[in-house]
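Note that the UniProt record's numbering has the sequence shown beginning at 1, numbered continuously upward.
Source of the hints: derived by calculation from the structure; they are not laboratory data. Where is the CB? At the ideal position from N, CA and C, for every residue including glycine. The reader is advised that the hints may include incorrect statements.
[Claimed, not checked] Straight-line C-alpha distance at most 27 Å; calculated DSSO-like pairs for lysine-lysine:
(1) K301 / K331
(2) K559 / K605
(3) K301 / K267
(4) K562 / K547
(5) K571 / K559
(6) K547 / K569
[To be verified] The calculated label-pair distances, taken between Cβ atoms and stated as ranges, are:
(7) A218 / R694: 50 to 56 Å
(8) A218 / S170: 22 to 28 Å
(9) Q436 / K74: 31 to 37 Å
(10) D216 / K331: 17 to 23 Å
(11) R187 / P485: 38 to 44 Å
(12) A100 / T664: 24 to 30 Å
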Amino acid sequence: MLDDATKDAIRAAYATLKTGLPGFRTRRSQGRMVAEVAKALAEPGGAAAIEAPTGTGKSMAYLIAGHAVARAQKRKLLIASATVALQEQLVRRDIPQYLAVCETEARVALAKGRQRYVCPRDLRMATSTSADDAQGSLGLGDDLAVWSRPPKAEETRALETLGATFSDGSWDGDMDAAPVEIPDMVRRMVTTSAGGCTGRRCAHFHHCPFFAARRDVADADIIVANQDLVLSDLTMPREDDAWGGVILPRPDETLYVFDEAHHMPSKAVERGAAFTHLTQAANQLVRLDRHVRGAYSHTEKERLGGMHYERGSELLATLGDALTAMEREVKLHWTPAAHETEPQWRASLGELPAAWIAQAQSLMLQTAEIQRWVRAVRGAVTEMEHAGPAGELLARELGIALERLGRQLSTWTAWSNDDPSDQPPLARWVTLDHEQQVVCHASAVSAAHLLREVLWENAAAAVMTSATLSAGGHFRGFADAVGLPDDALTLSLPSPFDLERQATLEVPLLDILPDNREAHAEAVAAWLETGLDWDTGNLVLFTSRMKMQRVLQLLPIDKVRKIRAQGSKAKSQLVADHAEAIEAGQGSTLFGLASFGEGLDLPGKLCETVVVTQLPFAVPTDPVGATYAEWLEAQGRNPFLEVSVPDATRLLTQYCGRLIRTETDHGRIVLLDRRVIVRRYGQRMLAALPPFARIIEHTRPQTTV
1 MLDDATKDAI RAAYATLKTG LPGFRTRRSQ GRMVAEVAKA LAEPGGAAAI
51 EAPTGTGKSM AYLIAGHAVA RAQKRKLLIA SATVALQEQL VRRDIPQYLA
101 VCETEARVAL AKGRQRYVCP RDLRMATSTS ADDAQGSLGL GDDLAVWSRP
151 PKAEETRALE TLGATFSDGS WDGDMDAAPV EIPDMVRRMV TTSAGGCTGR
201 RCAHFHHCPF FAARRDVADA DIIVANQDLV LSDLTMPRED DAWGGVILPR
251 PDETLYVFDE AHHMPSKAVE RGAAFTHLTQ AANQLVRLDR HVRGAYSHTE
301 KERLGGMHYE RGSELLATLG DALTAMEREV KLHWTPAAHE TEPQWRASLG
351 ELPAAWIAQA QSLMLQTAEI QRWVRAVRGA VTEMEHAGPA GELLARELGI
401 ALERLGRQLS TWTAWSNDDP SDQPPLARWV TLDHEQQVVC HASAVSAAHL
451 LREVLWENAA AAVMTSATLS AGGHFRGFAD AVGLPDDALT LSLPSPFDLE
501 RQATLEVPLL DILPDNREAH AEAVAAWLET GLDWDTGNLV LFTSRMKMQR
551 VLQLLPIDKV RKIRAQGSKA KSQLVADHAE AIEAGQGSTL FGLASFGEGL
601 DLPGKLCETV VVTQLPFAVP TDPVGATYAE WLEAQGRNPF LEVSVPDATR
651 LLTQYCGRLI RTETDHGRIV LLDRRVIVRR YGQRMLAALP PFARIIEHTR
701 PQTTV
């Protein structure tokens, strides 16, 4: 509960912000958000989901409330966002501004994963291998080569620059601030994953940029991180049988604010997904065998992990045979249709054939035994006092192999275990890659159980916020998706903008619905040609790349010249070109998919019309969504109305949010999908959208001759 001293600190900070922040506007929604965030974070195990539309000033709201409560409770404030853009905005602008205006102090750290920093060990190994010795196997044969192929000239130059600047201290090892553009091959060579890292046993530990950053995080009062890193930490088991606190502060010592929280359900589901490429996994065991043999030779031990090399090698060969047998079993049961471009077989309600389950159980046991052995082998290498470069390389490769084995074990565990009767089943499915080889998949279909266990029941307190969490103020869909506690606060704040005056939502009279793909593409192109003001800034959103390309083909060339389509250049460059064209008075239209509908900030003249070509329903072939829908139906529930419509409504609201970014913006949103008029659920979707003025065409406009 909030004590009087904390309440006073919050009131004082907010009052100071009102008078000291340039351009500050008093907004009732922001004041309400400050109060509710503070109450939720001050409560032991407090939880809240707060929908705060664009313009609310939510980052300042949760900073004022969160920092005051964290200081009072001597806890950390951790802000997790979904995009790099918001992380940079928080660290470079919002937090420094808040601290400066309120004349308060706090240590701030940006937490990033290992692969966002150079690995000094890998950098040294990469730079020490010359073009003449491009394989750089350090005496252990081609299979342990640093380079998988001879380096290109630009790769060698990039490596030399990275090595020199890191050595002289002019570069701190942050890959996002590298002194030179880094080719993909070089990036993979000079960064490492958790499996490839040997931590404190590494000779480079004391000047490792990642561990230096971790020390900064440990000392920080306010931590900014991406949601993937936070979920990664929350799902790591600790030695005391609790979750999290491995790479970030302990959850019970942390107040969490998840901004852009509409991404959390999908990110948490992805966190628990697993897959195994059967042929690739079998081939990797052959490579692992050679690495293990090298480790036995390097350590000069006859037995590692209680096992002779010969016995371990037999186990690896047996597992490889079992993977091949599983591939044969899958192909015996499933023959994809000849017309399938992306072949997929999904287990109904997650229930696999009995023969597959039996083989998965055997694979699970075999993989677990090999994992224990390889872990011991790697431990013996890392514990050597003078392992040298060869030992470092072996430790890295064995660590990466352990990560692969861990992912495979997750797949076989998911395929082997029964689903709890009171929870949705796991989605289990198989696909074929471009070489017609089998890939086995498994995934939870809901993040609710995971987030309840690792977040809501584990954290000191947590708040989720975004411009779009509810469907027209109804939070049931989001609450179910993230496992929100029953006593959590749910609040939808009103927009601070005069949306009815500033924008219109138009639904033109199109005769064709999107299920007639070609005809609808033609109708969209025809409307765009005559209905769009091509001399202004526009954003046109599509649900599929195929339809976007088809509309581009149908438009006349003079219109196409004014279009900047997603995929033709990097997103940032497209937006920069778009802004330059608008400033020059030439007009420009962005064509994009879902990522353009959620992540773009196009204020003022940069976007005066947003066109949504089709309601953003999820792809029906998605095995995770299909399994969840099937389970809901089995419970007598309607997955389309419970999941598909609310999810599409939230996305559509996000798309609408691209238009009005400030009090002075004006424009229109045009929806070229008449299902919002002719389908019963459409009226529900329209009613849930922000209160723009509506212009619904029911008769075709008359033309004059």
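Results for each hint:
1. K301 / K331: violated, 42 Å
2. K559 / K605: Satisfied, since the Cα-Cα distance of roughly 19 Å is no more than 27 Å.
3. K301 / K267: Measuring from Cα to Cα gives roughly 43 Å; hence the hint is violated.
4. K562 / K547: Between K562 and K547 the Cα gap is close to 18 Å, so the pair holds against 27 Å.
5. K571 / K559: Between K571 and K559 the Cα gap is close to 20 Å, so the pair holds against 27 Å.
6. K547 / K569: holds, 19 Å
7. A218 / R694: 50 to 56 Å: holds, 53 Å
8. A218 / S170: 22 to 28 Å: holds, 26 Å
9. Q436 / K74: 31 to 37 Å: Distance hint for Q436, K74 is violated at roughly 59 Å.
10. D216 / K331: 17 to 23 Å: Roughly 51 Å apart at Cβ, these two residues miss the hinted range, so it is violated.
11. R187 / P485: 38 to 44 Å: holds, 41 Å
12. A100 / T664: 24 to 30 Å: Since the Cβ atoms of A100 and T664 sit about 26 Å apart, the hinted range of 24 to 30 Å holds.
Hint check: violations occur at hints 1, 3, 9 and 10; the rest are consistent with the structure.
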